[in-house]
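> Here's the letter readout for the chains.
Number of protein chains: 2
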Amino acid sequence: MKSSSKNRYWLGFDLGGTKMMATVFDRDFNIVAYRRKKTKDGKGSRGVLGRIVETVEEALQAAHLDHRQLSAIGIGCPGWLDLDRGVVLNAPNLGLRNVPLKKELTKDFGCPVFMVNDVDAGTYGEYHFGAGKGVRCLLGVFPGTGIGGGLVYEGKLFRGRTGSCMEIGHIHMQPKGRLCGCGRRGCLETVASRLAIAAEAGAAAYRGEAPHLLELAGTDVAGIRSGALASAIKAGDHVVEEIVAHSARDLGIAIGSVVNLLAPDMVVLGGGLVEAMPGLYVQQVRASIKKQAMRPYTKSLKVVVAKLGDDAVVMGAAALAAEYKRNPRD
Amino acid sequence: MKSSSKNRYWLGFDLGGTKMMATVFDRDFNIVAYRRKKTKDGKGSRGVLGRIVETVEEALQAAHLDHRQLSAIGIGCPGWLDLDRGVVLNAPNLGLRNVPLKKELTKDFGCPVFMVNDVDAGTYGEYHFGAGKGVRCLLGVFPGTGIGGGLVYEGKLFRGRTGSCMEIGHIHMQPKGRLCGCGRRGCLETVASRLAIAAEAGAAAYRGEAPHLLELAGTDVAGIRSGALASAIKAGDHVVEEIVAHSARDLGIAIGSVVNLLAPDMVVLGGGLVEAMPGLYVQQVRASIKKQAMRPYTKSLKVVVAKLGDDAVVMGAAALAAEYKRNPRD
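Keeping their order, the protein sequence lines are chains V and E. Under the numbering used here, the first residue of the first sequence is numbered 1, with each subsequent residue one higher. Under the numbering used here, the first residue of the second sequence is numbered 1, with each subsequent residue one higher.
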C-alpha cells in the first residue's frame, strides 16, 4: 500500500512578479492543496529561492504529503529561461539572474523538476483542462502588464531551441511608435498592454478627462490596474472606454497577423485586462481579428476567454511536468 | 528484377502562375528527367488540367518510365487549397476554382497523389536537400510577385487544419497602408513584394528619376521584373536602389516579428528578388531582422539564401509525397 501511494502527486508552481503559488495535484490533477506567498522580500535571488522552497514545503504539508510522494515538479517562470538546463537567465521583474532553479529544487525535493515559461504553462493549462481542451492548434494570448503568447500545436508546446518563444508582445506595430521595454519602438506592448493603457489613461486623468479613474486610482501608472480601468468605465469615463477599446483593436490586429501565419483553430484570451473586462474588451479583440485575418482562417476560428484564471499556470506546469516525465526531450 | 524496379520513382510537380514543371526522381531523389510547359493556354481549368497530365506523361517518357513505376506524385500548388481532399479551392493567378486535382491525377496515373502548397514545398525542399538541411526550426520566405512563407518545425511542415498557412505576406505593417490583394490595407505585400517595388519604381521611372529602368522595362508594373530592377541598379539608378533597399528593410521588420514569435534557427530566403539581388537585398533583410528581433532569438539565427532555385518546389513536393506515403496523416 505504501509503495503504491508513492510518486503519485504532481506539484505545479507559478512564479509571478508579485506572488508565487504552489499547488499539489493528485494523479488525476485534482487540486489537493495550495499555498501562496509574495514573491519579493527585498533579499534578492537567495531570498526568492528560499521562499520558493518554503512555499513548496508548506503546500506539501497542507496536503499531508512527504516530498517522496511527489512524482515531479513543474515550475512556470517569467523572463528569459534556459529550459533544458532549468536556469532563469534573466527575469528583471523578479530580480533574478542566472539562477539554477531546477538544480536547487531537484536537490531539495529529490524528484524531477521541469521549467517552463509561465505563459506557455498557462496556455498548456487551458489546452489540457480549460477553454481549449484538445484543440489541434491553440494560441494563448495574455494581455497584462506585458503581453505574453503561447502555442500548443498538435498536442505539444511550440518552443525555441533552448527556451520559450511566441513573443506576441514584440510584434512590430508602428514604424515610429513608443519606446518598448525590449529597447525597440512600436512593439505591440507599447500600444496594447495594461501598462500602455495605464499610461494613456493616466494622462487623460491628469487632464481631467477621466474623473472616476482619477478618484479610483490616481495618475500613477503603477496603480492604474485593470480592475480600476473597468470600474472607471462602468462609472462613466468615456475616454477610458475609448482608450481600452482602441488598444483592444490593436491587439486584434496583431493577433490577426498571427492567425495569418499559424492558422490556429482557437485563440484563448486571458490575463488581467480580459478578466476585468470580458465583455467590452473581448468583443473588440474578436471583431478586430475577424477584420484583420484572412477569411479561410477566420471562418472556423474560435476566440474565447480563458477558464482557469489564476490556476492556469500551476495546472499547465504540472501537466507539462507529467508529459515531460513520460516523454523526455532529448 | 522487374518487380523490384517497380514503384521506385517519385514525381514532383510545380504548378506555377506562368510555367509548370514535372520532375522525375529516383529513389535517392536524383533527377532522372523533367519537362516544363507554360501554365495558361486560354482554355480555363480543363486546359490547365490537360497540360498538367501531358507534362507528367512527357516527363515519364523522357525518363523512359511507365506510370506503374511511380511510387507517388507530389504536387505543389499556389492559392487556397484543401490539402486533405486535394482540391484547388481558388487560385486566381491560374484561373482555377474547385479543381479536384488529386482525384484526377490519381485516376490518370494510378498512384498516390499528395497536394501541398508551393511555398511549403519549396521550404521543405530547402530543408531536405538545400540550404536548411536538418534544421530544427526553418522559416522559408520567398518574396516575389507576392510574399510566401513556410515553416518546417522538428522535421514536419507546419500547417493549418485543412490547408497551408504561414501567410507572411499578410502580416499587418501599416495602419493606413496601400490596398492589398487580400482586400485589407497595409499588409507586408503592399510594401515589400516585387509588385509593390515595381509600382514604386515604375512611378519613379515615369517621373524621369530612373532612366535605366525606363529604358530596360518601361513603366508597366507587369514588365518590371526582379532582373530588370537589378540591372537598373547596376546601371546607376540610385532611386531604384533606395526603393529596393527600403522594401528589404520592411521585409526584415516583418520577419523580425515572426522571429520573435517562432524563434527559428534559420531563415532561408528565396524567390525572384533574392535570386536577382543576393548581395544588396539579402544584406538589407539580414540587418533589419537583427535590428528588429530580440537578442536571444537572433544571436544564433542564420539568415541564408536558398540553394535549389527552380528545383525547390519539385524536390520538396516529391520528398513530401514520400514522407506522406510512409506516414499517412489521419
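Calculated from the structure, these hints are not laboratory results. One or more of the hints may lead you astray.
Given that identical chains are not distinguished, each listed pair holds provided it fits within a single copy or across any two copies.
Straight-line distance between alpha carbons at most 27 angstroms, and here's what the computed BS3-like set of lysine-lysine pairs gives [what the hints assert, rightly or not]:
1. Lys176 x Lys299
2. Lys156 x Lys40
3. Lys290 x Lys40
4. Lys299 x Lys103
> Does each hint fit the structure? Answer for all of them.
Hints versus structure:
1. Lys176 x Lys299: For Lys176 and Lys299, the Cα distance is within 27 angstroms only across copies (25 angstroms; inside one copy 33 angstroms).
2. Lys156 x Lys40: For Lys156 and Lys40, neither the intra-copy (32 angstroms) nor the inter-copy (43 angstroms) Cα distance is at most 27 angstroms.
3. Lys290 x Lys40: Neither, since 41 angstroms and 34 angstroms both go past 27 angstroms.
4. Lys299 x Lys103: Between copies, since 26 angstroms is at most 27 angstroms while 47 angstroms is not.
Hints 2 and 3, counting from the list given before, are not met by this structure.
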